[in-house]
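**Q** Protein chains in written order, with the working numbering: chain E, 1 to 178; chain G, 1 to 178.
Treat the hints as calculated values from the structure; they're not laboratory data.
Owing to the predicted nature of the structure, the values given are computational and were not obtained by experimental measurement.
One should not assume that every hint holds.
Same chains, same label: a pair holds when it works inside one copy or across any pair of copies.
[To be verified] Calculated cross-link-like contacts (lysine to aspartate or glutamate; reagent style EDC-like; alpha-carbon spacing at most 20 angstroms):
no.: 1; residue 1: Lys121; residue 2: Glu5
no.: 2; residue 1: Lys54; residue 2: Asp76
no.: 3; residue 1: Lys10; residue 2: Glu146
no.: 4; residue 1: Lys10; residue 2: Glu142
no.: 5; residue 1: Lys145; residue 2: Glu7
no.: 6; residue 1: Lys121; residue 2: Glu7
no.: 7; residue 1: Lys54; residue 2: Glu64
no.: 8; residue 1: Lys29; residue 2: Glu153
2 protein chains.
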Amino acid sequence: MENSEAEIQKAISEISYGLYIVSSMSGKKMNGQLVNTVFQAASCPPLVAASINKSNLTHAYIEESGIFSISVLAQDTPMPFIGLFGFRTGREIDKFKDISFKLLAGCPAVTENALAVLAVKTVSTLDMGTHTLFLGEVLAAETLKEGPALTYEYYKAVKHGKTHKNATTFYAGADRPA
Amino acid sequence: MENSEAEIQKAISEISYGLYIVSSMSGKKMNGQLVNTVFQAASCPPLVAASINKSNLTHAYIEESGIFSISVLAQDTPMPFIGLFGFRTGREIDKFKDISFKLLAGCPAVTENALAVLAVKTVSTLDMGTHTLFLGEVLAAETLKEGPALTYEYYKAVKHGKTHKNATTFYAGADRPA
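In isolation and in its complexed conformation, chain E is listed as follows:
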């Protein structure tokens, strides 16, 4: 049995994910970022969770405001749109300047290329080293259109997408950011 770092990374890479934009705000400032780890944490009442890198601006905004939104991306989301939310920082640009969004329960939620949007109020957090898991109650939700959701597998295999260095799934040995 081999247990090298590469062998562990290869096995971990078999885990399936969707792709989402998680957004939050600080006063009138808004920001959002690409996230692959979003999941329903409990069924009744419905709790959802999202994992965010501690060094990202969206992390600071969620800590400050206690709310965030989740936009479930459609499979046909264009790569430049993914690049805007996945590879740019809100510290340098206003990501919401030219895209469609709405306020859902008071929280900005990206509606462009989204199948559904959810607004979440944080109730608990878990320190996961490089990332924080934000667990929260769903305040409001809307389904915007029908169609297949974008998966991380599809993004990598069909769209030849890269992985940002701040992602949980980043592995320097296999996949360097553009």
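Dock chain G against chain E, hints included.
**A** Showing chain G alone in chain E's frame:
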């Protein structure tokens, strides 16, 4: 904007998942169960997490032993095999009696129908209401075969699979267990 329970559940159902068997042990007794919420929590060192219903036997075994394994299921996993781990309880039957498994870092890991197996040592937990999130370090991992992973979407759409009442994603209004 409608915010009925059904509207929230519809939006939540757009979240993507894989399907896994999470196994653990109590002395010489072994048990495992179907899980949809497994994710990489941090990149360096690699941490992974799994969400388990508090009322399940596997939950008690992980709490006792502090270790668990994850088997990433292949897309062609037969439905009776999924039924064994997803809809039967280890309190009544020995799920490991007739299936292939191995001991990985001392923890039983189902190898039948698995693309990869990981052994994990719990380092932290998060109470999520009906479920506990177990976060841990990867002790060992092996890739067993190549091929597409089974996703929850494929299980529901192509295999017409049901959702157990103890799953995070169970919603009585839409999907009753067999």
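**Q** It remains to establish, for every hint, whether it holds in the given structure.
**A** Do the hints match the structure? See the list:
1. Lys121 x Glu5: For lysine 121 and glutamate 5, the Cα distance is within 20 angstroms only across copies (16 angstroms; inside one copy 37 angstroms).
2. Lys54 x Asp76: neither (29 angstroms within a copy, 38 angstroms between copies)
3. Lys10 x Glu146: Between copies only: 11 angstroms across, 33 angstroms inside.
4. Lys10 x Glu142: between (36 angstroms within a copy, 8 angstroms between copies)
5. Lys145 x Glu7: between (40 angstroms within a copy, 13 angstroms between copies)
6. Lys121 x Glu7: Between. Shortest inter-copy distance 17 angstroms satisfies the 20 angstroms Cα cut-off; intra-copy 38 angstroms does not.
7. Lys54 x Glu64: Only inside one copy: lysine 54 and glutamate 64 sit 13 angstroms apart there, 31 angstroms across copies, limit 20 angstroms.
8. Lys29 x Glu153: neither (32 angstroms within a copy, 36 angstroms between copies)
Hint compliance for this structure: hints 2 and 8 are not met, and every other hint is.
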